[in-house]
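*Asks:* So the sequence lines, in the order shown, correspond to chains L and F.
Numbering of the first sequence is given in UniProt numbering, commencing with residue 1 and proceeding in unit increments.
Numbering of the second sequence is given in UniProt numbering, commencing with residue 1 and proceeding in unit increments.
One should not assume that every hint holds.
[Unchecked claim] Lysine to any residue pairs mimicking SDA-like chemistry, simulated, CA-CA at most 25 Å apart: (1) F:Lys275 to L:Met335; (2) L:Lys309 to F:Ser54; (3) F:Lys276 to F:Gly402; (4) F:Lys331 to L:Ser191; (5) L:Lys331 to F:Arg334; (6) L:Lys331 to F:Gly402; (7) L:Lys275 to L:Ala249; (8) F:Lys331 to L:Pro271; (9) L:Lys309 to L:Glu82; (10) F:Lys331 to L:Asp403; (11) L:Lys416 to L:Asp244; (12) L:Lys331 to F:Ser54.
Honestly, the hints are just simulated from the structure, not real lab data.
Protein chains: 2
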Amino acid sequence: MPAPEPISLSALLQARDSGQTAPPEMVAQASEAIRTKDDDIVAFTHVENRPAISNGAPLSGIAIGIKDILDTADMPTGYGSEVFAGHRPRTDAAVVALARRRGATIIGKTVTTEYAFFEPGPTVNPHNTSHTPGGSSSGSAAAVAAGMVPATIGTQTGGSVLRPAAYCGIAGYKPSFRLLPATGMKHFAPSLDTVGLFAATVTDVALFADLLTGRDLRVASDPSLRPADIRIGLYRCSELPTADAAMQAALETAIAAAQAAGFTIIPVEEPDVLKKARAAHSPLQAFEAGMSCGPDLALFEDQLSQRLKDVIREGQAMAPQAYDTARRDAKRGRMATAALFDDIDILLTPSAPGPAPRGLASTGDPRFNKLWTLMGTPSISIPAFSTADGLPLGIQAVARFGDDRRLLKVAAHLEKVFRTAA
Amino acid sequence: MPAPEPISLSALLQARDSGQTAPPEMVAQASEAIRTKDDDIVAFTHVENRPAISNGAPLSGIAIGIKDILDTADMPTGYGSEVFAGHRPRTDAAVVALARRRGATIIGKTVTTEYAFFEPGPTVNPHNTSHTPGGSSSGSAAAVAAGMVPATIGTQTGGSVLRPAAYCGIAGYKPSFRLLPATGMKHFAPSLDTVGLFAATVTDVALFADLLTGRDLRVASDPSLRPADIRIGLYRCSELPTADAAMQAALETAIAAAQAAGFTIIPVEEPDVLKKARAAHSPLQAFEAGMSCGPDLALFEDQLSQRLKDVIREGQAMAPQAYDTARRDAKRGRMATAALFDDIDILLTPSAPGPAPRGLASTGDPRFNKLWTLMGTPSISIPAFSTADGLPLGIQAVARFGDDRRLLKVAAHLEKVFRTAA
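Isolated chain L, as found in the complex (with noise of 0.2 Å):
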């Protein structure tokens, strides 16, 4: 199988904007790549045959998919459950709208594990189709990964954006709490979970969110940015020696390379807080799944799996004292990490623990990306290492709350300082 050569947004559009292509002959591409390649991908789980098209909009002739957990009015919306087989939802998710409102073309849905939860779906790794894509948001980022398509949306509640990102070797963002709309997907922890975007690189995917929200996200050629005056922290969390060697390796090269393009390293310690907000995730994530997925418990139980069923009975089992503990740990959490951006401008860390693991049973492990689901702190899966069987190694970038346009100027500058050194 030849390396899989995903499809550069800013290229697409600078080919359209120079009239070199133009939306129905871009939409159509995509159309072909998904009928060649989604055969042993299975990144999609429902195609438009016939999408409709835009022209003149920020977004026009951009084929995106839609993770299944998100509502959409003209396409089946399964949530990754047998359940919602062919549930046609009234209205869209609002993300989708919004993607429609710029221009997009909707060219379909993509798997998700069900209910955005651990059961995985049918997609397999583009990099070797042995290894699991990650989850939640498999197809979508199986589907970028893959050349199928330019941008994909996602939603993250664990790790379900930076992870999948990370294993498929391209860029995965997830914005600060509340930057993109969550109505309208299946929700799981109203609290984390999180709309998230997909694109080949950085700087695609920087795009991708400048034209979908008309935010200045965009990451200009802008000279201004200058390493210096950018203080990098390699952040040393408790679950940093749980990385594979590879891995590590990986971010090790990356802080060297970081270093010798003249940024500034600042290694930090993980503070007490914010090791007990990363524990308070768990217990927060399962008292809301509790909540949350309550109906479907006392409505399907017998079409869910068996783990989750598991998380939502832990949660309505729990004690509402315990989710306010979560809460306040959490909140706590927020502060420090507030405290901790006063001194660093952005937080190095894996993405994943190591590569894709063998096998589609597991999507793998959000260990690195829950905590900052928490905290809403904008983070993104730097694409650009791989281990010496080829699998995509992703180096997480984390900045304040808020701070979502510097993190994607110094995560594309990185990207490139990455490339060079791998």
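Take the given structure of chain L and dock chain F to it, following the hints.
*Replies:* Chain F in isolation, oriented as in the chain L frame:
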């Protein structure tokens, strides 16, 4: 028309637990009350003919109405809009499933304004049918006030629990943000959308909250509450002078009665940062509504009211920076609110500018509620006072985030004090 007589949840549960009544009889009584009263009040959009009745659970026999902005899998869910006439969601809202798990009987759906915004439904005020019951939880408030059911569930994004409770002369309780789950409501502004409860009195609504959540929230006859230990702040917000004379008089009477009962009264001037936070509510709400209801504007434009379309378009036209500014103002407000509660325990302020306005075209004004919705602090409308014409006036009590138990306990004490003084 005789003065409406709400049903006491506490008395009903005592009767059940002492064997004087039983769940089938209790539910039958609610059905009969709806049959005889709701032609005049129009609190319900749907009533179950054969509602499911449990036995042996905390809320067994308690027939409750669910605001029709919350999903029910077994009943039509219309969100107050012709767009969703006859809509049947695949699953229940989280709080509906929670109520079922605790044994409550979902007896029907109650009238909401369109999408829980301002376009009114047909419900009238049980105290005077030529007046609005308030909104957006119009039917939930009126159904309790008219004595049809002992408790109902509603939602508040601006003042949609406190205001109709006040207008209808019952207790309306908006818990701390996320104390009750909002998943499965038709979201309008997710960072504001809060599930709340209605019952005849503060003691009743506290008991409902206790049995629904499993939290220790009921107002026990607790001799440990010494009024002298409770610092009550009279909140002199910048809106206070705009309240009706009747409301200003009621508030003065309330404060004097509380002082006479031994509570410590402390006048509290509104910090500028909270005035600014109140002003942030509207842009924040509009921006989020522009996102959350964007799909509906795109798909169902012709079926939405003008004022709903206006707010969605207003939100969609806003610069994202204005939203970020509103969120920052809200965050600063939350910090100032926390500091304010270092010096006092409970704030008192009007639940509404006055009694229910005449006519059904307007559901009244949330200007005294929206700050506390945005702050996420628990608040409750204490029923006790009324105008010379017999229209109810509510006094709003507010406590620190997470301090729901103290709020309910003190409010129950104040309710007795106020009733004696009224």
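*Asks:* Any of the earlier hints contradicted here, and which numbers?
*Replies:* Of the numbered hints given earlier, the structure breaks just one, which is hint 12.
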